[in-house]
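Build the complex: two chains, separate frames, hints provided.
In the order they appear, the protein sequences are chains A and B.
Going by the working numbering, the first sequence opens with residue 1, and the numbers climb by one from there.
Going by the working numbering, the second sequence opens with residue 1, and the numbers climb by one from there.
Rather than coming from a laboratory, the hints here were simulated on the basis of the structure.
For clarity, every value in this text was computed on a predicted model and none was experimentally measured.
Where is the CB? At the ideal position from N, CA and C, for every residue including glycine.
Each hint should be verified, as a subset may be incorrect.
Computed Cβ-Cβ distance ranges for the label pairs, DEER-style [said to hold, decoys possible]: (1) Lys-3/A x Pro-77/B: 56 to 66 Å; (2) Phe-135/B x Thr-60/A: 48 to 58 Å; (3) Ile-46/B x Lys-107/A: 42 to 52 Å; (4) Glu-204/B x Asp-132/A: 19 to 29 Å.
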Amino acid sequence: MNKELEHSFVEQLQKHQNIVHKVCRLYTNNADAHNDLFQEITIQLWKAYPKFRGDSKFSTWMYRVGLNTAITLYRKSKRRINTQEFENVQFKIKAEEYDDTEEQQLKLLYKAVHQLNDIEKALVFLYLEDKDYREISETLGITEVNARVKMNRVKKKLKTILNP
Amino acid sequence: MDELELLKKDWQSGETDFKSYTDSDIYPMLHRKSSSIVKTLFYISIGELVFWLLASVLPYMLSTTFREKLDESYENPLFIGISIFSYLVILLFIYLLFRSYKGISSTDSAKKLMESILRTRKIIKFYVIFNLTLFFLSIPLSLYFEYQDNPEFHQQIVEASTTQMLVFYAVSAFTAGFIILILWLFYRLIYGILLKRLNRNYKELKKLEV
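One chain only, chain B, in its complex shape (with noise of 0.2 Å):
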């Protein structure tokens, strides 16, 4: 094509076209801080762990009854097993992060580069969905916790009629779905604005095996 070659002629004879950078003027750029997504998703994702390690212990922290009733439920071996359950998926999740932000290298190919970073994203991503089933199965066990171990909620439970427990049903899974949505949709928003060229890019390269 003749125009390429005419461009290709005058780039690579327009070498001195641009400010020409001093050894002074690159010294400190090297110590400047970085913008890349790479970056800002490792924020997010330390946010993340705070965030949900916060949303459970912020309550026994700062609730006396709260972590009365929460020591009385640390006597039922279902409650201590997801507990646990819940720490080692912490830990897991700390471990695959640490070793998929290793992975990722400016060095690589393109397609690849992208790859590490869409896995890290993965990663993310499965420990909020884990967050969030966690959440949303808490509300009918804490629930079931209270009937057993609250006379006083078990004898309004037994006493209601079956419009009133539809009702009560109905309402505690509407509000559950709803935090959860909105939760989600944040979430959406968040990965969405920052890895929208990401996978717009990608996607390109990956058309092309097609």
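Next comes chain A alone, as it looks inside the complex (with noise of 0.2 Å):
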């Protein structure tokens, strides 16, 4: 039975893993980094599956835990060193759609969206996941009003730490 259940699991992780990877992506700002979050929401994913009933999509249910693991429950380990920066592992240049300026807004883009605090970026996460204000409401915990007048000021906090 555990065996089924741990097979079911990692069969449905394996292929949703793209938003755990996004999780981390907006949390850590290194390789190392990355792994060490991708692990713990894996395993806290891991510990709740037994309860989790298939009312809700995989995908959403995800989203929570891997939200939680990064803002509340996740204890950064100390072993780190914080040196390599991700900058050049995240933007693979793609030959054909290479576009110096774009290019260049888009590094600029996801290095404010890094200075933001983690509500913040827990909103602008489920913002570039095309979530609507009820689910990130739901998900925060706060009011749809207030996930609204949070995300205006998320998006013109971007823009005066774009163009300050």
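And the structure:
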């Protein structure tokens, strides 16, 4: 039974692992930290999995556990040394689409997002994932109105970071 | 906002940018050790429980004179009352802590999860305050028992001058206060470091409600 559960979990996680990777991408700035957070989110997902009833989509459920781990549960390990920055890994330049200004703009945008605080990052993450305000508010535990207000503030803040 | 839309486009197209884990990469991950703050909090609370239990039991086990004295003290109903009370509090603490840990769920909303963790931390805090209070009260109480039961000590107190008594009170109060202050700062430090990020994020969410 346990093996079966493990198997179905790994299969689903493998399929949807990009969600976890994306959370890690926002909340960490180097490859080691990324892997550590991925590891912790996997453990938290696996711990919560027996209670996953399937009444929500597996991916929706992952957003919650993933963000909760990144914002609240994860205790950064001390052994990590923040040397290797992520930038080079993250921005694969696709030859056919290469556009100097757009590329540059994206680089700055990602940098700006990294300067936001944990909660603001969560809002941006859900926004980028195309979640509506109802889901954003439910995931964070705030009202829909407040989620909208906060999102507008985050947009303004990003603007200020980009054009100081 | 144009920039955010640009980011969204890139975000949603960049699906293959990460190292894709295979099934055999993921299996061992399930069995590695978690480094979540809930786990750390759990170990700390167990540590507190053991520490205060040992603090009350060890002197009794290690020192014969202390044991004899304590056995005598058990003839006093007040002392028995306090002991029973403190053991009940320990049981209550274990129950509340257990219930509180059960209530922490990573599938709750971010705010609710933070609240359950903070509630757990509060329970541990009350337990610490209770123990520190008991410790503080135990000093005048034990002096009182000593005064009652030890004729030599009784005589010394009776013969002491007012200045000597004042110095005696001051030294006892200062020592007790100092030990408690050190312990309190120690706790503040542990929880302060552990929950710094959580507190900051919780404040950020709460701020939205104002």
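Point to revise | Distance restraint evaluation - Phe-135/B, Thr-60/A, Cβ atoms, bounds 48 to 58 Å | key: holds (50 Å)
Review point. Do the Cβ positions of Ile-46/B and Lys-107/A conform to the proposed distance bound of 42 to 52 Å?
Key: holds (47 Å)
Review point. Lys-3/A and Pro-77/B, beta-carbon distance inside 56 to 66 Å?
Key: This hint holds: roughly 59 Å between Cβ atoms.
Practice item. Could you say whether the range 19 to 29 Å given as a hint is met by the Cβ separation of Glu-204/B and Asp-132/A? Key: Holds: the Cβ-Cβ distance is about 22 Å, inside 19 to 29 Å.
Going down the numbered hints, you'll see the structure goes against none, and every one checks out.
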